[in-house]
Every structure is written in C-alpha cells, then in structure tokens.
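Engineer: Based on the sequences and whatever the hints tell you, model everything.
So the protein sequences, as listed, match chains A and B.
Heads up: take any position in the first sequence, counting from 1, add 1094, and you land on this note's numbering.
Heads up: take any position in the second sequence, counting from 1, add 1094, and you land on this note's numbering.
A couple of the hints might just be wrong.
Since the list can't tell identical chains apart, any single copy or any two copies may satisfy a pair.
Below, in silico cross-link-like pairs of lysine-lysine (DSSO-like), each with a Cα-Cα straight-line distance of 30 Å or less [what the hints assert, rightly or not]:
| # | residue 1 | residue 2 |
| --- | --- | --- |
| 1 | Lys1300 | Lys1414 |
| 2 | Lys1300 | Lys1559 |
| 3 | Lys1189 | Lys1584 |
| 4 | Lys1419 | Lys1300 |
| 5 | Lys1189 | Lys1300 |
Rather than coming from a laboratory, the hints here were simulated on the basis of the structure.
2 protein chains.
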Amino acid sequence: MKKSVERFNEIIREKKLIDVAISALHWDLETQAPKKGLELLSDVVGYLSSKSYGVVTSDEMILLVEELKKKREELTEIEDKTLEEVGKEIEKLTKIPVVEYREYNELTAKAQGIWAEAREKNDFDLFSESLEKIVEFQRRFIKYRGYDGHPYNTILDDYEPGMTVEKLDEFFGYLRKELVPFIKKIKEEGKEVDGTFLKKDYPEDKQMEFSRFIAEYIGFDFERGIISESAHPFTLNYNKNDVRITTRYIRNMLSSSVFGTIHEGGHGIYEQGIGDDIAGGVLGEGTSMGIHESQSRFYENVLGRSRAFWVPIYGELQGKFEALKDVNIDDFYRGINKSEASLIRVEADELTYSLHIMVRYEIEKALIEGQVEVRDLPKVWNEKIKEYLGIEPANDKEGVLQDVHWSAGLMGYFPSYALGNVYASQIHAAMKKDIDVDAALENSDLNKIKEWLNQKIHRFGKLRKPEELIKEITGEDLNAQYFVDYLKEKYGKIYQV
Amino acid sequence: MKKSVERFNEIIREKKLIDVAISALHWDLETQAPKKGLELLSDVVGYLSSKSYGVVTSDEMILLVEELKKKREELTEIEDKTLEEVGKEIEKLTKIPVVEYREYNELTAKAQGIWAEAREKNDFDLFSESLEKIVEFQRRFIKYRGYDGHPYNTILDDYEPGMTVEKLDEFFGYLRKELVPFIKKIKEEGKEVDGTFLKKDYPEDKQMEFSRFIAEYIGFDFERGIISESAHPFTLNYNKNDVRITTRYIRNMLSSSVFGTIHEGGHGIYEQGIGDDIAGGVLGEGTSMGIHESQSRFYENVLGRSRAFWVPIYGELQGKFEALKDVNIDDFYRGINKSEASLIRVEADELTYSLHIMVRYEIEKALIEGQVEVRDLPKVWNEKIKEYLGIEPANDKEGVLQDVHWSAGLMGYFPSYALGNVYASQIHAAMKKDIDVDAALENSDLNKIKEWLNQKIHRFGKLRKPEELIKEITGEDLNAQYFVDYLKEKYGKIYQV
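Structural biologist: Now the structure itself:
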C-alpha cells in the first residue's frame, strides 16, 4: 500500500515535470518565439503532450488508481483528493485516442501564433481553417467523452466543475433581466462621464514601469514570478514559486496595461498563495476558472476600480504621465468606470462586461451543437454584438478575432468570467464583515486583503471544489444578486441615477 | 534496410524534440526565470535530459546503429555522417550511468543561476560548492569515458574534434612567443590611444535599440530569431528557423552591448545559414565550437572592429548618444581597438584576448589533472592573470567569477575562442581572394560577406569536420601565423610601431 502510494506520487511527479516543460513552451510561443520558430516548438508541444498523456494513462497508473480507490479510507485527505482528480483525468483522456490528442495539442500550439497574426492583419480567413479544425476536435472529443443533458456541459465542467447549461441559462437570464434596463437607464438619465483623457498619449516605457510597480503593489511576488508582454494578457503557473503574468502596452490606452496587469496579477497572487502542503502536486493550483476569475476580477474591479485603491498611489501614476496632469482623482475614478457599449471585452466596463460574455456563451453553445459553422462566425458575432450592445464592429479585429481563447482550444471557458464577477461580489461582501476594505486600500495595506484571500481561498487550491469554497466563505451558493446590487450601487452613484 | 533507416530517423527526431524542450528551458532559466523558479525548472531539465539519454541509448537504437554501420555503402552521405555522429554520442553516453547524467544536468541547470547570483554579489563561496560538484563530475566522466594521452583531451574533443593538449600547448606557445613581446613593444613605444569616451553615459534603452539595429544590419534574421538579455551573452539554436541570441546592457560601457551583439549575431548567422538538407537533424548545427567562435569573432573583430565597417553606420550610432557627439570615426575606430591589459575577457581587445584564454586553459587542465582544487581557484586565477597581464583583479567578480562557462559544465570549451580567432584570420585571408571585404563593408553590403560564409561554411553544418572545412577553404591546416600577422599589421598601424 505504502509502495503503491509512493509509485503513484512518482508518476504524478513525472507528469508534472513534463507539463511544466509544455507550459514553458507555451510561454515562449506566446511571449517571444520568432515567427518561423512556431512550427518546431508546436511539434515539441504535441510530442510532450502525448508523453504526458502516456504517463497518466499507462496501464500501471490505471491499475494503481484502481487499487488505491479501494483503500480510500487509508489515504490522507490530500492523497484521496489527488486520486479523485487523477481518476477524473484518466477517465477523460482514455476516451480520446492519443494520436488525436497529440494532433490537437500541436494544432492549438500553432493556432495561437496564427490567431495573433490574423488579429494583427485583421484577416479572419487566415485563422478560420485552424479554428474549424479546433471546433471539429471539440465536437469529436465531446462525443468520445459523452455528456449529460447538453453536449456543452462536458467542456463547461472542465473549467467549472458542476456547472451546466441549465444553470447558466438561468444565471445569464437573471443578469440580463436586471442589467439591461439598468444600462438603458444610465444611458438615458445618467450624468455624463468623461474618459477621453485615458486615450491620450501614454508612452509605453512608462506604462511598463507602472505595470511592474502596480503588480508589486498589489502583492505579486517578483521573486516567484515575472511579467512580460503578449498579444493577449494571460497567466501561467509552473508552481507557486514560478508564476508568470503578461500584459500589453497600447500607447493611447492606459487602461489596457494598468487593469490588464492588475487582473493578471490577481490570477498570479492566487497561484502564489497555494498552500505548501499541496504545492507542486495535482491539487496545487486554482480550483476552477470561475474562482480564478473571481480573484483576477476582484483585484481588477472591486479593488482596482475603486476610489480608495487610488488614494495612496494616484500621485505615482499622475507623476508618470503628462496626460494626467490636470486630471484629479475623482475625475480619474469616474473615467476608469465610464460605462458605455464597447467592442472589446477586456476593455469593457464592469456593467456591460457580462453582455460580452453572453455573446460568447451563446456562440460557443451553437458551435458545439453544430447550429453555427466557423465560416459564419464574423457575421454571427456582429449580429449578436448588435443585439446585446447596440453597436457593430467595423472589422474582425475588434470583433470575432479579439480573444485568444478559441485558438488555444479554450471553449467552455468564457462563462468563467461572468461567474468570476459574481463570486467576486459574494467574496467582497464576506470580506467586508472581517476587514474594512476601503480603509486597508487607503492605507496601502494590500497585504491585509491578500492574507484574507490566502487564508480563505488560495491556500486550498483544488482541495475545495468551487461550490464548497463559496459556501464555506459566504454561507451561500452562487448568488448573482450580490453582483447586481454592487453594480447598481456603484454605478448609481457614479451616474447619479 | 529502408525501414531501419526510417526508424533510426524517427528516434533521432524524438531526441531532437526533447532536446529543443531542454534548450527552451535553458533559455528561460538564463534570460527570465524568477529566482525561486530555478529549482523546478532545473528538475525539468534533469528529467528531460534523462529522457533524451534514454531515447538515444535505447537497446533498439544501439541495435539499429550496429545494423546500419554494416551497410554504410547503402547510405546517403547525410545518413552516413548522421550515423557516425550518433554512434559517437552513444559511445559517450553509454559509458556514463543515466542517474549521474541526470544529476549532472540538474546540477548545471541550477548552477547557472547560482553563479549569476554569486557574480552579482561578488561571493565565490556561494558558487564554490556547485563548482566542486561539477568538477568532480567532469573528472569522473572522463574516467568513465577514457582518454588518449591527457585526460583533458576527452573534453577538448567534445568542442573541437581532433584537438589535443599536445597541439594546443604548441599553439599557445607560438602565440605567446609572438604576442607577448609585441604587446610589450606597444606598451613602451606605442602612441597613446583614447578609449575613455566609451565609458561615458550610454542609456540602456538606446543601447537596446542599437543592438537590434546592428544585429539586423549584419544579417541576423529576426523572422527566425530573437534577441534578449542575460548576465553573460550567449547563443542558442533550436533549429535554423529559431535562433536566439542575448547581449547585456551596461550603462557606462557601450562596447559591451555593441560587440556582444555582433559576436552573438555571428554565432546566430552561422546557425541560420545551415543548409536545408541537414536542417533540424543531427548534422544541422555548427561543426565545432572553434569554427563557431571563428564566425562570431570574425563578425565581432575582423568586421566589427574595422574602420570600413563603421563608415556607413557610425552616424547612426553617433546620433543615438550624446557621449559620441565630438568623437569622429577615426577616434572611434582607435578607441574600440585600444589595447591594454584588462581583467574581463569578453571586453578584452583582440591583442590581449588570447592571454585570457591561456589562463583559463591552464587552470582547466590543472583542475582536471587534480593539481588544483576549486577552493584555490580565486588565488590561482589572480596569480595567473598577474603573470600574463601584469594586473590583478580587485575582486572575484572581475576575476574567477566573470565567465558563465564552468557553471554550465562547459570545461574544455575556452580554447575554442583562441582557435576561433585563428580560424577567423585564415578565413579572412581566403575571403579577400574572392571579395573586396572593405569595399563591401563601406557599401553596407554585408550580405555579400554572409553569402560567402553561407556557401563556404554555414550550409555544411557538421557535414564537414573543422579540419576538413579549413583545409577546403584555405588549402591549409590550422595556422596561427595569419592571426599573428593580422594583429601585427592592424595594431602596428593603430599604435604606430
């Protein structure tokens, strides 16, 4: 028995080492690899993916898992939950033929570079062939894996265990019902908010300096992480001692780097806060993408777009940029919270953000159902944006090509952002019972907030499932009302409605 | 038979994919990984090294190689030479136990970060334990592998096939005999040369811009390569489509980034110039480190420190830096060729450079022989520098800690630099028979020079052994006289002796 556990752990460790290599190659591909290097590096990703697959689905491992499952009462909690996770992964992987798994991983590694080029050149056709293949793989994999209820449920569960189309339809229905009229009211009755100063001249090198400053300020540890640049900001964790975040610098768009950095910094802080008892193991990472997004969007919005956050550091920012010389903190606060129908999800304000997610959710469902094909995406996209936001993209760069996710095979992921917003509001409400959050922000005591999140969320990694975690912290299940209340209060004040 | 060759190539390909992953991790470790990420990434390197070892030394591969060796006449030239290289590697690797091989690779991956910290903190003790282990491994590996004549020959042959201590002793003896009195003469009778302007204020961001410019100018292809920063400049090639170079930016030392970039650019151009017929395979890289250094030092010195090189682009450089405002091209030319006893090898002028290599060569020989131990290195280093150059390091940072090589396990490598200088002069003499090199430089026609090198050297990769290559190009064997003549003519003019 002891020997079986040891061997089980050895195999897990081997898989971890391969997976870190894969992550390092992805990091390289996204942040720096030369254009023509794509081919070889993608082949390496494909090869290593098949090795990772092979290690965890080996006959030896399958037997070990079966053996250990029979003796669960002899396992520690960590061993038992690790076994559960691994069992789940084996079940998923063994249904997919290894050749297709490798092909798929090669494809998505390559597709990200192709997407970046297509986006830069504003040329959907350049990307559509890759995306078609990815969608085909997704449909086929779901067929292999099977599903309960709706086929989309299978991939939804990969990012948010337990989530279903049924629950999401209700969730988004509630948000739509509450938010759409409120947005309309603001548009019609709200006081004007000026955000034009955010589009002035912000030299990239100064943005870069400030990004590093702000990441450190909120608590991202640079001894255990780095920040770099990429076409689409993301976070990658090897283990808690090596967490990488990216941002992007756009000369006439200050918010992009500032809030991109705070957002990814929130993801990074989550991963850096994993408990030592589970670090490096299967449980040693964020429990779901919804909870992950709750952390990033908590930092980005609940903290980063609050007035209190900027009280101690607005001078630092203002001193860097000529464009802010005559903008006082109140104008700045209102400017960074200006709500308007916009085209780019990652730049959207908190109020309209969920509408962007609904568009993607509906498109993904339709793609998986086979109701929509890739060639129709630009059209479908633009129609849905029109329907939800009342505006239309002038081109695919600000339309269907804006997000990296599909090129990386991340389908079923987008709802996590909306869930993240809601979790963040619930967590915020719970935090305020223990801490005076605004006072902590005004005193630059970001550590107090981080500590709370470390204690309540981060350290557990995958030891707690998302629903358990939220229940433990808030005493409730997922409850979108907190988010709606938070938005109405905040934006009601800003727009005086 | 055909099936055996196919299988042989498949295994080679598998090894290549693993080795690229290892390179990518090294690249990451040297250029960006956070301090505390060292541990995990080094473990990954160790793990993948053992897999690479396993692939090439598998029973199947050993049998395949034996089988194919019996049918060499049926193989193409490329297959035959690939077989020879692989056979050599198998012979080397199978003598080293895989556990030790993995340990060694983990160790050297870790040691480079430790060295970088030790160098930064000027603390040899921080690094000495790692270095002791590395030296022990080196000694032990040589014992496993066996040697002819001198134990140092075994590792010398890794970087310069066919090279021996006997040949090197003679080679360095000749250089010493010719150069030491000439250096003395210049010191006593030469006209003063001013290089102080090179130590003025050169903002790093401007150096960065110029580095990119100059790398592109000499012919480094950024569609197939990138430039980054590291504590010690180096070049890494995945294949000809992905070649990475680094440099370093020191605010009061312009030469460091400029000539570091040109040097690594020369390495990079070599790798980017590999023939398509051998690209990606075992033969698809530089044939030896001596020939590699001939390319880097040809670009750095023969071209980069010539007056003609700067004629079309000195204005570009001068325009970037206030410190060069009143320095004309002739003063600049003399300044970048100022010869003086100095402490840092990579910053040394061409004339005294070989003395730096002699110091390292003698120390390495003594380490391998067991005549010197790691704990004595700072003392031994300083004594030898005193002996050869007449000056003494004030600390280990400018002494024994200056080079990355030993931390990476690169022992037996340093002589390549001296050989590279000599090869470069021989190649230069041959090139001048076909091309008016100075005219090409003055006309910014760097492509003509690159084309010549591509044709005569780069495209062959490991298809030609270093001695074959030099013989083919120059009609002669290694001949240090060209280098001595070149130096005496160039420095004789500069110093008017």
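Engineer: Each hint should be assessed against the structure and marked as holding or not.
Structural biologist: The hints, checked one at a time:
1. Lys1300 <-> Lys1414: Both. Shortest intra-copy (7 Å) and inter-copy (20 Å) distances satisfy the 30 Å Cα cut-off.
2. Lys1300 <-> Lys1559: neither (41 Å within a copy, 51 Å between copies)
3. Lys1189 <-> Lys1584: Neither way: Lys1189 and Lys1584 sit 48 Å apart in one copy and 71 Å across, limit 30 Å.
4. Lys1419 <-> Lys1300: both (15 Å within a copy, 27 Å between copies)
5. Lys1189 <-> Lys1300: neither (50 Å within a copy, 55 Å between copies)
This entry does not satisfy hints 2, 3, 5, going by the numbered hints stated previously.
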